[in-house]
Structure formats: structure tokens, C-alpha cells
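Start from the sequences and build out the full structure, keeping to the hints where you can.
Chains as they are written, first to last, in our numbering: chain A, 1 to 342; chain B, 1001 to 1342; chain C, 2001 to 2342; chain D, 3001 to 3342.
Simulated from the structure, these hints should not be mistaken for laboratory data.
Don't be surprised by glycine CBs; every beta carbon is placed ideally from N, CA and C.
Just so you know, not all the hints are guaranteed correct.
As the list claims (entries may be wrong) - So the derived label-pair ranges between C-beta atoms look like this:
(1) Ala-2295(C) x Thr-50(A): 53 to 59 angstroms
(2) Arg-3045(D) x Asp-2218(C): 46 to 52 angstroms
(3) Phe-2310(C) x Arg-3306(D): 50 to 56 angstroms
Said to hold, decoys possible - Taking lysine-lysine pairs in the DSSO-like style, the calculated list, with each CA pair at most 30 angstroms apart, reads:
(4) Lys-2132(C) x Lys-132(A)
(5) Lys-2132(C) x Lys-1132(B)
(6) Lys-3273(D) x Lys-1132(B)
(7) Lys-132(A) x Lys-3132(D)
Said to hold, decoys possible - Listed next, the stretches of chain D that the computed footprint assigns to chain B, with coverage defined by at least 3 CB atoms under 8 angstroms from CB atoms of chain B:
(8) 3081-3092
(9) 3127-3133
The chain contents come next:
Number of protein chains: 4
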Amino acid sequence: MQHFASDNYAGICPEALQALIEANVGHAPAYGDDEWTSRVSDRLRELFATDCDVYFAFNGTAANSLALAALCQSYHSVICHEVAHVETDECGGPEFFSNGSKLLTAGGDNGKLTPESVLEVIERRNDIHYPKPKVVTLTQSTEVGTVYRPDEVAAIADMAHRHGLNVHMDGARFSNAVASLGVAPADITWRAGVQVLCFGGTKMGLPVGEAIVFFDRDLSEDFARRCKQAGQLASKMRFLSAPWLGILDNDTWVRHARNANAMARRLADGLAKIPGTALMFPVESNSVFVNLTPAMIEGLRQRGWRFYTFIGAGGARFMCAWDTTEESVDALLADLRALASS
Amino acid sequence: MQHFASDNYAGICPEALQALIEANVGHAPAYGDDEWTSRVSDRLRELFATDCDVYFAFNGTAANSLALAALCQSYHSVICHEVAHVETDECGGPEFFSNGSKLLTAGGDNGKLTPESVLEVIERRNDIHYPKPKVVTLTQSTEVGTVYRPDEVAAIADMAHRHGLNVHMDGARFSNAVASLGVAPADITWRAGVQVLCFGGTKMGLPVGEAIVFFDRDLSEDFARRCKQAGQLASKMRFLSAPWLGILDNDTWVRHARNANAMARRLADGLAKIPGTALMFPVESNSVFVNLTPAMIEGLRQRGWRFYTFIGAGGARFMCAWDTTEESVDALLADLRALASS
Amino acid sequence: MQHFASDNYAGICPEALQALIEANVGHAPAYGDDEWTSRVSDRLRELFATDCDVYFAFNGTAANSLALAALCQSYHSVICHEVAHVETDECGGPEFFSNGSKLLTAGGDNGKLTPESVLEVIERRNDIHYPKPKVVTLTQSTEVGTVYRPDEVAAIADMAHRHGLNVHMDGARFSNAVASLGVAPADITWRAGVQVLCFGGTKMGLPVGEAIVFFDRDLSEDFARRCKQAGQLASKMRFLSAPWLGILDNDTWVRHARNANAMARRLADGLAKIPGTALMFPVESNSVFVNLTPAMIEGLRQRGWRFYTFIGAGGARFMCAWDTTEESVDALLADLRALASS
Amino acid sequence: MQHFASDNYAGICPEALQALIEANVGHAPAYGDDEWTSRVSDRLRELFATDCDVYFAFNGTAANSLALAALCQSYHSVICHEVAHVETDECGGPEFFSNGSKLLTAGGDNGKLTPESVLEVIERRNDIHYPKPKVVTLTQSTEVGTVYRPDEVAAIADMAHRHGLNVHMDGARFSNAVASLGVAPADITWRAGVQVLCFGGTKMGLPVGEAIVFFDRDLSEDFARRCKQAGQLASKMRFLSAPWLGILDNDTWVRHARNANAMARRLADGLAKIPGTALMFPVESNSVFVNLTPAMIEGLRQRGWRFYTFIGAGGARFMCAWDTTEESVDALLADLRALASS
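If you want it as C-alpha cells, here you go:
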């Protein structure tokens, strides 16, 4: 039975697993000095059509926290959306890695920052009793499943740069945004002003691991040591890097993301016909947020479905993964229809 | 061609890979709430014959640093051997995770602490201008390939406990020590006074990951949150945990360690017959430290062998892995013999 | 000309200065091992009528941050009011000293937490992706000049303790609260459940320094080392401690606080008769928050008055100090009256 | 009775106290925005004959730790002498403020680094498993009372700069070095390549406080916020800064230092005539390290003298302060003579 609790409930996609197995041949230098890591880095430079610096970290908490720590000092602050993962779901990870950089939250409809909401935080204070904003972090696609268009990213990045801030993108679900927008990866990153991207691998179908891509290479000085000290340098790095080869080939990563997005679309379309449900956000990538009745939520749970709800509200989140099938979506919808009419 | 640079040059052992592949079935709860993680934890409790708390981290830097941070505060200190990995090869990782706990180094022959060398550090200072010793960390097997016998561990742990210190064991190569000593894992850990063990998985043949085993469960309060905040909680945890099942079955992990140890033994025995070489430490696990002539070192390098040497000295380190073959050892010896007679 | 920008614009009160001068005799042991520090600590134990542990820090940022860091770990969180100084004016100090403990803000009228607002934060989340609440911090008197009555402190502390949280009080203006409430210091601290108080000295008329008072002595283990490591152990400690003797004698500290409170009262009473002004919060200690017209604010500035205003609003803050005179208050009121009628 | 335990046993010198008292007039802006702080900063720029950036911290632990943290990142390392105060007596302060920068100790006779000893550490390792050296810190005068001549500072700084390291000077006893060498302050700081100096005020006769002087102003970006966050921004800053005016006038600081140095000289000269004593280091500033017999040490203690000894050895340290008198030195010598002949 497939679940809709998180896209990290899914396993390893066949292409990534095959690449991992193929990398398991004999001895290879450790700590990233192997051919697979070198090849993946080159592939990512090709993908982004620029000479970026590439590092690998084990998970998103670390990738984002390390990147943010590299973009500011402890007495600086990071502007993020009030529902950003770094603010709500990292147990203080960014503050830990940066030794105290404060996250300042900004608003914006549909989980998206705007130049205005960012500016409001930048201009809120300028005295030394308040941590100076030094970074803006965007989540692409956002926590609520929406996506920033290239011009939206650029407008925020322009605002940030005009005030001396660096721009970071949390791309745990970057693939879903690319698939949704149908743009070149460069168009929503460096060409739009993003200096560092955390490119999520796990949710794309890898067993473990994210790539940290510095488009602004001045910002990556000694970053390898930062990773090492923080427990993010894999000794058998090839098993972290090689799976990327499997999904970068033939645009597999985009194909998988397209499936996840399509399943979310299918779920949303089905929900639209079910009374008592109401979408909470536009469905632009692989997640569906919907208000359900308490009876529906309870009923789905009893039928064994796993998904997240929000305390004290009727909101439910359904995430689709690279391997989510039409059958699973339809089964979920069928149960919802049954609950709606009961 | 196999190398002797590090035991992490080796790949994934077949048993671990098989277990990983078998865990790749459908959807599973994330963040450790899956059946494989639960089963491995139980297996480790059986293996150690006690009701310990088990956590997983991605690598040794993190496992050791997180464990040490849990055993003291930033204004405390950690006593380690002067050649301990935490002191020499973690780029300040323990200091980073603990926010400043100082490592105080103690001496001891053959890379091993003694109760006396530990006591000397404990008693060195007791004023508030010096960080109070709160932890002793032992490396088993040691950085130079020796092993602590159960009574040696117990004597150090007793000394530590009498002075209010906690005892941690860095077991990056714990398997090699168990294989070498032929003891039950409990005998060189909790029965000898060790409160927390970092049990190395990577060097045993896993793709990635170490287990942190708290025998003293009072010390693990909220440790899961510590891991999460520090970027060490895997979302698809099953792929970190399942491979352990593969090597714990049928004592595979000990069998692999025995092979590595035997290859080191074979190499040491061969070296004994080669003029111009001198072992630097007793060979008790899977590493061989030997003084070679500059010509030998240069000659091996030219023949393509990769291994570590020590700046300004003739010392060379050769590590054997779970998959090191007799053929590889013999080929290395043959080259050394040729170089010795040239 | 006296100002109303902050109570730390005032200088050293005569009693503190006299005590400092009297302590400047000959040589004395450093780092707190002197007679003055010992005597002040005893005097504070008498004042609070309990056997508490006393430490000194240089300023409020450090005192509060060190105390909070002692009450939780980096992966825990601290509940504070949304206008608390630790949240709004410490440039990330609490996060820095604790290496990442997140501040979670709660609401409450008039700058005061309530058991309900605290409970809402405690119960918001209980998963490991969110830092576990471990401390509640109250500000007494609050940032907006209100005070918690003993029963209000007790109700919040009870709620905190029932959920396993520690209770800290930021007492930068503790004296003003004591003077306002007319209670024994014990009644709004340990008898009401407060475990640690940061007792502000600077705003009472000292040149520098705050006392950190642990009523729960189990929480102060090795706290002296925490202070030392964090740069908060004075070598010539007597000059930090002796001035306390000057103000603790004859309840001088309460007398000074009473003056500051009375001047705020006088200012508030005067404002009530001036059209175009509106008090923003009840005036219960030494600060007056009032809405003024832009013309009034501009006019006061032109007449040389220094005070804080809030960006984008008409709010102004006037702080009274131990030495604020009736003449100064009346002069300010006269200028306001003139501006109101112009 | 005067003691020789530490130069911080002495009180406030008259000139500093007078300046403090004179600054206690009416209200003044807080946090350094006052006239005294401004004037002292200008005076220090004059003293050093360059346009440096000046900040104030409460004590040496903080001043040095903050400065070092500004010169490197957590994964870098700081080279210091093996007896440097930052290594031996700060309870891990530098590691705490920097969030993990490791101190790497180098040798050198008489407590002084040399270009060679520094180079040895720089070249020891260059892999990412070892924290990259980024700062050299010199102590002037040194922990054992010797002083670096201008050419010695320059030689070390040149070596550091050639390898990309920054140069910091711990000047807790900078005045004693200046008095000893008879040089312009600029000659042993920026003209010799020092980029940041922590200029000790407390040991010169101030009640509290040190100045952090950035000669390389690029390194001080946002340093005020670093101080604020770390609890080192005084609200009533004038009482931290004004005393400097008292000692900078008329070269009072050098005069006081000269007295301390002369008293150490007098003590050393007297010791030379007492059998059973042996100086341990050249006496070049205000400290005397001498080997005494156990009976002498015990005898001095019984006579009430306070001084430091070194565990397990016969070494004793005698520090002279700005106010140490000939009578005190002679009384100490008389007791030593009596003990020598008994």
C-alpha cells in the first residue's frame, strides 16, 4: 500500500539503485576523490550550464543549514517564509550549524515570499540589537506545493542583492518545480540571482543525499572543511554520488517529478468533485493540501492511510512521490468519496 | 587493484547490499519509524545482551561528536589519546558539535590510554580556568591497530568513574577488535564500564552509517532530537539501517573483520622477512604500520599502490579491509621484496 | 538635561559609587574570591530568604543567555513573550550562548504571558522535528512596563512545571516590579516557582553588572565554568560586586526604583490631561508607552528630547530612571502641552 | 599587604578612578554612543598613529575570543604558543566563541613563538581532515614575562601572511611590553604586521575592560554586532571607556607599567643573591618565574604571601602590579632570605 504522508516514504528508484550497484566495484578513493563523484559534479555543471561548485551532504537539514551558515555569521539573520521548512521542521538546525543566526519570518500568500514581504523584514530594524539580515532563503517548490516562477525568483533576489543579502534556495523538491514550470534549471537559479541551491536528491528517488550547488563560487571557500567538521563528509562518497548518475541520465529526475506532480493533479481534480473538501493552496507540484471533515480524516485513518494533518484544524496534506501510481490515487479518492457520502 | 590506503576504500559487502535491496519495497515510514530500523535495534540489543538505546548517524565524525556532546557540556573537556581520531582527523568536529568542549590528550604506549595517563590529565588542574574533564574516550581498535583487552578497558573505565567521568568508545573498527580478541561484544563495552559505543558500520562493509549505542540509557535523553538538529536523522532511514541486518546475520560482520585482521597478519608476517622494514606497532587488528626506506615508499607509489605515509618520517600505514585478498597482500609483498633487493 | 530614552542613560547612584570606591583598597584575590563578592552573595541570600547560588555577569544579554543555556540543551526551545527582550533586542544572544536553542514566542495582553498562551506553545508540536520546549522565561517588569502579580507568576510556573519546563525570570527591571507590587522578592520568585532569576543591577544604578540567582541549586552545576568560558568572569570581581552592597543597604535599591516608578506615574498622569495622547499600556513600573501625534514626536525631538519610537506607528516610549526628577518630567510635559496646543 | 599572585589583585589606579567619577554626570547615551567612548577611541587612534577601529569588551577572555572568532571560521585553526593563555587558562573560551576553531600549539623558547615553530604547524597537514591554520596569536608580553622585539613580531607576521594567516596579539600585558621595549605602540603592532590587538586595560589599573583594536579594518565588519550577541556590549559604556582617558593622559599607563616592570627587576635582582633560587625565564616585564625549594614555598605561604606555583614542580610565579611597592618587594625578599638561611 502506498502512502501520502511524505514523498520520502518512497524507496529508491530503479535508475538510482542500478547506479549504486554499478559503483560497487572494487576499491575506490574515499572522501569524494573518486570517479563517480567527479562525474556527477560535472553532470551538474552541465545541467546548470555554468561552472558551479558542487558538494554533497547526507540530508536536507544539513545541506540547508551548512549553506546558510556559509552565507552569514552568527550575528546575522536569515529571512524565510513563515512556513519554511528551515523554520518549522529542523529542530533548530540552522541556528545550531550557524551558532545562532536567527531566522526572521516573512509572510506572503501561498507559502511564497514577495519582494515586499522581504523588504519589510530588511527595513524593520537597523540597530545592533537586532541581527542584521544577510540571507534570503526561498523554498522551491514551497512547503505548500506552490512554485516560484523565474520572474518571481528574480524579483526577490534583486531586492535581496540591492540590500546586500545573499540568496539561497532550499530545493528539497527542486525537481518538482522544474517539472512544473518546464524551465531550464538555470532559469530559476543562478540566472534569476540564486547564489546557492540545495538540490534535493532523496525525494527524487535516491537512498540518501543532497547536492549543495554554489553558483557564486566566492561563497564556497573552504566549504569542504565546513562539511567535514559538521559530520557531512561521506567516507565512501561514491555511494552518495553515484545514484545521481542514474537519475541525471535521460532526464529521469524530471520524468519522476512529472509523475509525482501529475498524481497530485489527479488527486486534486478528483477532490474537486467530492463535496465537503476544499483545496487550501493551488496545486502546482506534488502536494495537495485540502480541508476535510473530521469524519473523513478519521475514516481515512481507519482505512489505513497515512498522511499529515494540522492540529486544531481540518487541514490534511497528501504528498505524491516518484512512484505514486494512479491506482493509489484512485483508491484514496474512492475512499474519500465513500466517506463523503456516508 | 585493491589498495591499502584505508578500509573505507572497500565497497559494500554482498550481504549488506542484498539487505539494502530487499528493504527497497514500496512505501515505508520515514525518520526511523520503519520495521528495518526497529529490527536492527533489537538485533543490536541481542548482540550486546542488554537493553541499550540505539541511534544511527551517517558517519563516524558525527556519531562520535554527537555522543561526546551528549556526555559533557561546552565548558567540560574530553580526555583522549594523543593519536585519537577525534583529536587528529575530525577537523574540529567534536569541538563544533559540543560548542567548545576541549580535547585533552593523554599518552600511552601503542596508541592506548592507561589508567595512569588518564589520571594524570584528570588531576592536572582543578580551577575554573581549565575545562573540567568529564569524558574519557577510548578507540577500539586503536588508530595504530592495537586493541584494548577487557581488563584494560575496565581499568580505565573504573578510573574514569571514580572521578565522575563518563566513558565513550570510538568503535569505528570495533568489529576488528572483537574479531581479534574473540570476546563477546558486551565484554569490552558495558561489562567493562563503557557507557556509550559508536559502532562503526562503514568499515565493516556498509555503504554508509554508524550505530550509537547507549548502554547507560540515562545519557540518551532527547538524543533523537540532538541527531535531528545536527543533520543526522535520515529521512529514508531504512536504507541506513537495513544493511546492518545483512551483516549481523550469521556473524557476517565478525567473519569480515577476521578476514581483514588475517590479511594484516599475513602482511606483517611477510614484512618480517623483508630487510629494511620494521613494524612500528604490534599488529592486533587490520592495520600495519611499518617503517620503510624512502626508496621503498617511492617505489610502491610508482607501482600504483595507494597508502598513507607520515610527513618527515619513513612510517607507512597499510589498512586491510573486509574484502582484501591474499593475492593483493602477496602482490604488495612481492613489490616490497623487489624494492628491498634493488 | 535628563532623557527618557532608557533607564541606562542614568549614571551610577551615589550609594553604589561610594561602595565601589570603598572597595578600592589594596590587593584582593581575583575572580570572585574576595570578601565583597562573598558579602554580596550572602546579602542576596538574606534578601531572598533562601539558600540560593549567586553568580555575577557583566550585562543582561549575558546573564539571561547564560541562565537560559543552563536550563536547556541546543535542541530544546525557550518560550517567551513575543515582545520579550531576549527575542527582540539581543541580536541572537540566547541562540548563540545555547548553540541554537530556538525561542518560541507566545502572546498575552500587556506584554504578559498567561498559562494558556504558554500551554498553547507547549502543545503545538511533539515530534522530533520541532525543538522541545524546556524553559519558560518571564520578564519582570515586562518590556511594556507592566508587572506580574505573585499569583500570575505562580500560575505560569505551575503550568511550566507540570509539563517539565524550567522557569526563568528576566529581572532587568526586577526592582521596579518589587517597588510596584510592594512584595517580598521571594514572593515573586522562588515562592512562586521561579528557579532562576537574572537580577538587573545596571538599571538600578550600578555602573555594570547583573546577578544570576539560582533558587534551584541543582541547575547551577558547574555554572562558574560556564561563565568563565563565555567571557563573563571578572578578574577584579570586587568592582562588579561591591556596588551591590551600596544599594542593598537600607533598601536603597527599592527606594530608587520607587522614584523611577513615581516619575513614570507622574508622567502618565500628566499625559492624561493632554489631548492627542493615549497610553498604550497600564503604567505599573517605570516606563510609559504612549501614542503621540507625528507633530508631537517631531516637536519633542527638535527640543532635544531623546526617546524611542516605533517605526511606522505613533508609539513612543519614555523610561524613568533612579535619578529622574520631577523637574525633568514636568519639563517634558510642558513641552508636550505646548505641542498639543500649537 | 600586597600580593604577587596576579597583577589583577591590584585595584583601580587613581587616574582611572578619577576619570570614572568625572564621567558620572547626568544622563548619557547608552551602548557606546557617548562622548567618552568616542574620545577614548580617538585617543587610541592617536596612540597607535593610525586610523584603527576600536571596540571594548569586558575582559580578556572575551576580547581575545571575539577577535580570534572574527579572524577565522569554525573549521579553521589558531596557532598559539603551548603556554599561551588562550590555550591554558580560558576554559575553552576561544573554542566556544568560534564554535569549534581548534587551537594548535607551537613551541619556542621562553614562551615565544618563532617563524620556524609557526611554519612547522602550518605545514604539518593540508588535508581537509585537519583544521586549516588561519590565525597566529602572539602574547605580548608573554605568559612567562618575556617580550617580543619588533623584528621578532615582524618575522612571525611575515611568515603568517605569506601563508594566508591573520595575526592577532593578546596584549593583556601590552603596556608592560611597551614599557620594557621603549618602543612606540605602533612598532610592535601594525607596523610589524599585527592586524588585531587586544589591549588589556584591567591589568593597567582599570576596574574592568579591554580594548579590541583592528588595524586591519576589513576584518572588523559587523564586529559591533558580534560583541552585542556575545554579551560584550556595555549599556553604560561610558564607565568602561572613560577610565581609559585617565590612564592615557600623560602616558600614565606606561608609567604604571614601568613601575611594575621595575619591581619585577628588583625582585629578580634580589633573588639572584639568594641561594637555592633559580630564575626560570629572563625577566623582561612584570613577572618573575623562579624555582624555589619546597621549604621556601611552604614558608612564604605560612607568612601569608599569595602566589602561584606549578603542580609537581618547584616553580613559583610572582607578578608585580602598577602599585607594587619597593617595600612589598623587599619584604618578600627578606622573607625569602630568612627561609634560605634557615
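To see whether the hints hold, each was checked on the structure:
{"no.": "1", "hint": "Ala-2295(C) x Thr-50(A): 53 to 59 angstroms", "in the structure": "holds, 55 angstroms"}
{"no.": "2", "hint": "Arg-3045(D) x Asp-2218(C): 46 to 52 angstroms", "in the structure": "holds, 50 angstroms"}
{"no.": "3", "hint": "Phe-2310(C) x Arg-3306(D): 50 to 56 angstroms", "in the structure": "holds, 54 angstroms"}
{"no.": "4", "hint": "Lys-2132(C) x Lys-132(A)", "in the structure": "holds, 27 angstroms"}
{"no.": "5", "hint": "Lys-2132(C) x Lys-1132(B)", "in the structure": "holds, 28 angstroms"}
{"no.": "6", "hint": "Lys-3273(D) x Lys-1132(B)", "in the structure": "violated, 40 angstroms"}
{"no.": "7", "hint": "Lys-132(A) x Lys-3132(D)", "in the structure": "holds, 28 angstroms"}
{"no.": "8", "hint": "3081-3092", "in the structure": "holds (count 5)"}
{"no.": "9", "hint": "3127-3133", "in the structure": "holds (count 4)"}
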